[in-house]
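Novice: Here's the letter readout for the chains.
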Amino acid sequence: MRAADGAVTVQLGGVWQLHRGIGAKAAAVERDLAGSGKPTRVGFDTKGLGPWDSALVTFLAEIEEFCDARGIEVDRAGLPEGARRLLELAAAAPPLRISAAPQARPPLLARLGAAVMRLAGTCGSALEFIGAIVIALWRLASGRARYRKVDVLTLTQACGANALTIVALISFLVGVILAFMGAVQLEQFGASIYVADLVAIGITREMGAMMTAVIMAGRTGAAFAAQLGTMKVRQEIEALETMGISPIEFLVVPRMIALVLMMPLLCLYADFIGVFGGATIGVGMLHLSLTTYLKESAKAIYPSGVLGGLFKSLVYGILIAIAGCYQGMKCGNSASAVGESTTAAVVDGIILVVVACGLFALVFHVIGI
Amino acid sequence: MSSGSEAISGARRVDGPAAAHAAAGAEAHITVRNLTMAYGDYVVMRGLNFTVRRGEIFIIMGGSGCGKTTLLRHLLGLEQPAAGEIFYDGENFTRADADERQRILRRFGVAYQNGALWSSMTLGENVGLPLAQFTDLNPEEIREVAALKLALVGLKGFEDYYPSEISGGMQKRAGVARAIALDPEMLLFDEPSAGLDPVTSRLLDDLILELRANLGTTVVIVSHELASIFAIGDNSVFLDGESHTMSATGNPKELLANCTDPRVHRFLTRGGKSPA
Numbered sequence: 001m002r003a004a005d006g007a008v009t010v011q012l013g014g015v016w017q018l019h020r021g022i023g024a025k026a027a028a029v030e031r032d033l034a035g036s037g038k039p040t041r042v043g044f045d046t047k048g049l050g051p052w053d054s055a056l057v058t059f060l061a062e063i064e065e066f067c068d069a070r071g072i073e074v075d076r077a078g079l080p081e082g083a084r085r086l087l088e089l090a091a092a093a094p095p096l097r098i099s100a101a102p103q104a105r106p107p108l109l110a111r112l113g114a115a116v117m118r119l120a121g122t123c124g125s126a127l128e129f130i131g132a133i134v135i136a137l138w139r140l141a142s143g144r145a146r147y148r149k150v151d152v153l154t155l156t157q158a159c160g161a162n163a164l165t166i167v168a169l170i171s172f173l174v175g176v177i178l179a180f181m182g183a184v185q186l187e188q189f190g191a192s193i194y195v196a197d198l199v200a201i202g203i204t205r206e207m208g209a210m211m212t213a214v215i216m217a218g219r220t221g222a223a224f225a226a227q228l229g230t231m232k233v234r235q236e237i238e239a240l241e242t243m244g245i246s247p248i249e250f251l252v253v254p255r256m257i258a259l260v261l262m263m264p265l266l267c268l269y270a271d272f273i274g275v276f277g278g279a280t281i282g283v284g285m286l287h288l289s290l291t292t293y294l295k296e297s298a299k300a301i302y303p304s305g306v307l308g309g310l311f312k313s314l315v316y317g318i319l320i321a322i323a324g325c326y327q328g329m330k331c332g333n334s335a336s337a338v339g340e341s342t343t344a345a346v347v348d349g350i351i352l353v354v355v356a357c358g359l360f361a362l363v364f365h366v367i368g369i
Numbered sequence: 001m002s003s004g005s006e007a008i009s010g011a012r013r014v015d016g017p018a019a020a021h022a023a024a025g026a027e028a029h030i031t032v033r034n035l036t037m038a039y040g041d042y043v044v045m046r047g048l049n050f051t052v053r054r055g056e057i058f059i060i061m062g063g064s065g066c067g068k069t070t071l072l073r074h075l076l077g078l079e080q081p082a083a084g085e086i087f088y089d090g091e092n093f094t095r096a097d098a099d100e101r102q103r104i105l106r107r108f109g110v111a112y113q114n115g116a117l118w119s120s121m122t123l124g125e126n127v128g129l130p131l132a133q134f135t136d137l138n139p140e141e142i143r144e145v146a147a148l149k150l151a152l153v154g155l156k157g158f159e160d161y162y163p164s165e166i167s168g169g170m171q172k173r174a175g176v177a178r179a180i181a182l183d184p185e186m187l188l189f190d191e192p193s194a195g196l197d198p199v200t201s202r203l204l205d206d207l208i209l210e211l212r213a214n215l216g217t218t219v220v221i222v223s224h225e226l227a228s229i230f231a232i233g234d235n236s237v238f239l240d241g242e243s244h245t246m247s248a249t250g251n252p253k254e255l256l257a258n259c260t261d262p263r264v265h266r267f268l269t270r271g272g273k274s275p276a
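Chains as they are written, first to last, in the working numbering: chain A, 1 to 369; chain B, 1 to 276.
In short, the hints are calculated from the structure, not lab data. Keep in mind that the hints are not guaranteed to be accurate.
As the list claims (entries may be wrong) - FRET-style restraints, in silico, Cβ to Cβ: (1) B:Val199 x A:Val15: 20 to 28 Å; (2) B:Ser243 x A:Gln157: 25 to 33 Å; (3) B:Glu242 x A:Glu128: 34 to 42 Å; (4) B:Val43 x A:Leu112: 28 to 36 Å; (5) B:Glu100 x A:Ala335: 49 to 57 Å; (6) B:Leu215 x A:Gln157: 39 to 47 Å.
Said to hold, decoys possible - Derived coverage of chain B by chain A (criterion: at least 3 residues anywhere in the stretch with Cβ under 8 Å from a Cβ of chain A; other residues may be distant): (7) 108 to 115; (8) 124 to 137.
None of the values given here were measured: they were computed from a predicted structure. For each residue, glycine too, the CB sits at the ideal point set by N, CA and C.
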């Protein structure tokens, strides 16, 4: 690198390849250029240049940009032919007209307002979606809905029978945990037998429905959102619409029916398995006989508690199906949008279930169940 | 269309003998009047005026991203026009209520860019679904009709395959089979030859010509494949992405010979120099 009569010649040598890294070579040269008084012209000497690729071109482009900004002339004559062509090509591409100007961060109030407007929009579209479902259900009831019965059956199998194993596993463990926690406390008072009551009431009233709902939100709600979202991306939903088949009737209603039918059954199943889970602790740890434990459980269980639990599971099923289908139907047009929809479906589903659970607790208390 | 010529305003109308021939004895099937398409404040296209006659193969052409597919979505009622109207057989589609719209849409067949087959159903079920929903055929008859439609697009014996089990080109053809399931009056194609090899693309062109010749179907094609535009297009509209309006309409071959708009000419000659 030497300076003579205001012209600077940059000597380039050695290997310039991407896998060797570019390093801060451009910055070093720029520092030199800025330091050595203002040069009028920059040229290149490439006698010692070895193999090169985009690493060299990137370096040159940076130097050119630096020089352009300061009004220094760049002489490309000394460069290899290929590098010169690539530089010209990069410079020839017209800048994009869609200006991506960095937007100033709007003030707090504006952001708050925008967030509220978005929330209002979401509520509006969710209500619209629920309205569309109600209309579709009405058409179904009056026999005018367009759907395939076989879809309802396969969906029922997917969200009913295929979920038996996971529901059994989780509710068994929940039964065990409830019994274990109860046993530690109740044993101190010599009231171990009441572990059976605790588990039976806890499972049938709350935990059976709750745990089934959480499992189904993660399992089926996510599946609904992913299926419908992918169909949206692949234009399959558009194809239905343009054919005059309502996607709500054809896709959403069968999913709702399948899940809403299966939820109470799964919940009842979870109740049994949960009580059985509690029994293993009762027999294994508290040395109660199985018959004693089960008799005590049967005494504790009361119809309105069980029916209340089943009714809750039905409502949870509706909420999960709506959350899953809503997110799927409003999915954007990319693979990442499907991922976001699926995540949102699970999160919304679980939040709705927990909120509903709280409301049920309040309402059941007031009406005295 | 008395108001047609003045409404075109600015767009170059090139009508030669071929267009006149296609027009002979054919009434307007699709009429687009003063259509403006916009996403929010962003105007995609304004002032679109054209007529597609019955039995015609009509090409919507233009550069990538200029709004061809958006126009197709408007024709299908998937987007609401910002201004202007679309008529089918003289019926106002834009102002129609939901039921009316469904009734009009049922006369359409749409073949999507990537087939858009329902992935949870076999090809036979895909083609059979519209038949099952909109006709009184029994399952056996539906299977037979579906097999026939698949055979027409060269997919004989593929009824029991799922869309994921066949190639992209085959999916596209199966999409055409589904589009023609109900013998529609109007067939809309979104980029039929995109992503197909020249031979398959040619076969698809031949298929479109056969359908038109034998069923009298009006065909609207969104395309930028020059070979197929010249091979099958009777009439066309050129959407200009820079001026956000249509800059020419007419038979593609005659547009190439006579149109003086430099951008249209550049498009039709793959970027060749304008004669002007």
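Novice: Using the C-beta atoms of glutamate 242 of chain B and glutamate 128 of chain A, is the stated range 34 to 42 Å upheld?
Specialist: Check passed, 37 Å falls within 34 to 42 Å.
Novice: According to a criterion of three or more residues whose C-beta lies within less than 8 Å of a C-beta of chain A, is the segment 124 to 137 of chain B covered?
Specialist: holds (count 5)
Novice: Could one say that the CB atoms of glutamate 100 of chain B and alanine 335 of chain A fall in the range 49 to 57 Å?
Specialist: Hint violated: Cβ distance 37 Å, outside 49 to 57 Å.
Novice: So does serine 243 of chain B sit 25 to 33 Å from glutamine 157 of chain A, Cβ to Cβ?
Specialist: violated (56 Å)
Novice: With a cut-off of 8 Å between beta carbons, are at least three residues of the segment 108 to 115 of chain B near chain A?
Specialist: Result for this restraint: holds, n = 5.
Novice: Between leucine 215 of chain B and glutamine 157 of chain A, does the beta-carbon spacing fit 39 to 47 Å?
Specialist: holds (40 Å)
Novice: Taking the beta carbons of valine 199 of chain B and valine 15 of chain A, is their distance inside 20 to 28 Å?
Specialist: violated (46 Å)
Novice: Note whether the CB distance of valine 43 of chain B and leucine 112 of chain A lies within 28 to 36 Å or breaks it.
Specialist: Since valine 43 of chain B and leucine 112 of chain A have Cβ atoms about 31 Å apart, the given range 28 to 36 Å holds.
Checked against the numbered hints above, the structure violates hints 1, 2 and 5; every other hint is satisfied.
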